[in-house]
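Residue numbers (the numbering used here), protein chains in the order written: chain A, 1 to 189; chain B, 1 to 189.
Hint data in this document are derived by calculation from the structure and do not stem from the laboratory.
You may find that some hints are simply not true.
Okay, the calculated beta carbon distance ranges per label pair [claimed, not checked]:
hint, chain 1, residue 1, chain 2, residue 2, range
1, A, F158, B, L93, 30 to 36 Å
2, A, D11, B, E187, 46 to 52 Å
3, A, D2, B, H82, 41 to 47 Å
4, A, G184, B, Q40, 41 to 47 Å
5, A, S182, B, A3, 34 to 40 Å
6, B, E187, A, R115, 27 to 33 Å
7, A, P111, B, Q185, 23 to 29 Å
8, B, H82, A, S166, 29 to 35 Å
9, A, D2, B, L9, 25 to 31 Å
10, B, P97, A, E187, 42 to 48 Å
11, B, A3, A, P111, 43 to 49 Å
12, A, D11, B, L104, 30 to 36 Å
Examples of chain A residues lying across from chain B (beta carbon under 8 Å, computed) [stated by the list, open to error]:
hint, residue
13, N14
14, P32
15, E58
16, V76
17, R80
18, F113
19, P116
This one's a predicted model, so the numbers in the text were calculated from it and none came from an experiment.
We put the beta carbon where it would ideally sit given N, CA and C, even for glycine.
Chain by chain, the residues:
Protein chains: 2
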Amino acid sequence: MDALKKRILADGRNLGRGILKVDGFINHQVDPHLMALCGQEFARRFAGLAVEKIVTAEISGISPALMTALEMGLPVVYARKHKPVTMTADIYLTYSPSHTKGDLTQLMISPEFLRPGEHVLIIDDFLASGLTIMALARLVKAAGAELVGIGTLIEKRFEGGRELLSILDVPVESLVTITNMSNGQIEVA
Amino acid sequence: MDALKKRILADGRNLGRGILKVDGFINHQVDPHLMALCGQEFARRFAGLAVEKIVTAEISGISPALMTALEMGLPVVYARKHKPVTMTADIYLTYSPSHTKGDLTQLMISPEFLRPGEHVLIIDDFLASGLTIMALARLVKAAGAELVGIGTLIEKRFEGGRELLSILDVPVESLVTITNMSNGQIEVA
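Pulled out of the complex, with its shape left as it was, chain A reads as follows (with noise of 0.2 Å):
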């Protein structure tokens, strides 16, 4: 995916311990045209899934899920952190470590949006330790759902997440890999 790695090498920042800084066109700052172009590639790579639901975790996720729904005509659902006062029922909650705050954070999702049988494809903006998706996934799971694929724009090689996600079977794609940032650069595969 060329366009997001060119991206990432002019505009993303190295800002030690991992943290990649890409608030200029994903996670603060968003670049529409970039996330469209982000949809379609993710709309692509899953052509051969019979997909009927994309769901992702509020916040940074929903540019691209919503991007990528738009491309593949599917409603998306994003998890929750915080119920809002409209979420009245019953709902599937599980816990992430947040790795910006070092305690848990919670993903909910109603079960009015998920429903037993539906195919689930989840993107997200991060693959790094894998610990959301997996939450994500264990939400689809709760509702009954069937998880047939993941999507992330940016693969953390170095954190280890798809070896975590490999348990769940499905196919992973990221639009870009950066295999080293431990020396103050951005190294994509």
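Given chain A, work out where chain B should sit, using these hints.
Chain B in isolation, oriented as in the chain A frame:
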């Protein structure tokens, strides 16, 4: 905006106390096609303005703002409620009363992504009391940028937000206006 109006009347739910549940197509599950139509409508309504950037607030503003930005070919910035580890320098910060929790919500934008003189269009999901949008307008002003318009998917006319925002002296466009929810129904203008 007929498509959105029909969807609100079909799938929206009046939970009482002025709370409108639109979790099935805007706030938890998102209908990307409907959001794209809304983005096209905002682009049409604001076509006469020299907009350079879309600004919104996480979380539920992201979908309509991203689709508007895609249609208008502009970047979108979403104000953050929690400071991520990648937000390392000084920020513009303001507070907005939280209607769900009764306390104050932080809203932050990095000066990297909101520059003096930039022409800004605010897009959000709801215009209710107008306090969140007013907080975004304060961030725009703090940056020395120029607010040129405000667009929201759904206006709850009876909460007075439009009157509050009139002091900003910019066009305020809502795609659907709800005039009354006091009787358990959803009455649309």
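Here is what the structure says about each hint:
1. A:F158 with B:L93: 30 to 36 Å: Roughly 34 Å apart at Cβ, these two residues keep to the hinted range, so it holds.
2. A:D11 with B:E187: 46 to 52 Å: holds (47 Å)
3. A:D2 with B:H82: 41 to 47 Å: This hint is violated: roughly 33 Å between Cβ atoms.
4. A:G184 with B:Q40: 41 to 47 Å: Holds: the Cβ-Cβ distance is about 44 Å, inside 41 to 47 Å.
5. A:S182 with B:A3: 34 to 40 Å: violated (50 Å)
6. B:E187 with A:R115: 27 to 33 Å: holds (31 Å)
7. A:P111 with B:Q185: 23 to 29 Å: At 26 Å between Cβs, range holds.
8. B:H82 with A:S166: 29 to 35 Å: holds (31 Å)
9. A:D2 with B:L9: 25 to 31 Å: violated (45 Å)
10. B:P97 with A:E187: 42 to 48 Å: holds (46 Å)
11. B:A3 with A:P111: 43 to 49 Å: violated (27 Å)
12. A:D11 with B:L104: 30 to 36 Å: holds (33 Å)
13. N14: violated (11 Å)
14. P32: Check passed: Cβ of A:P32 comes within 4 Å of chain B, closer than 8 Å.
15. E58: Since the shortest Cβ distance to chain B is 5 Å, the answer is holds.
16. V76: Cβ of A:V76 sits 5 Å from chain B, so the hint holds.
17. R80: holds (6 Å)
18. F113: holds (4 Å)
19. P116: It is violated, given that the least Cβ distance between A:P116 and chain B is near 16 Å, above 8 Å.
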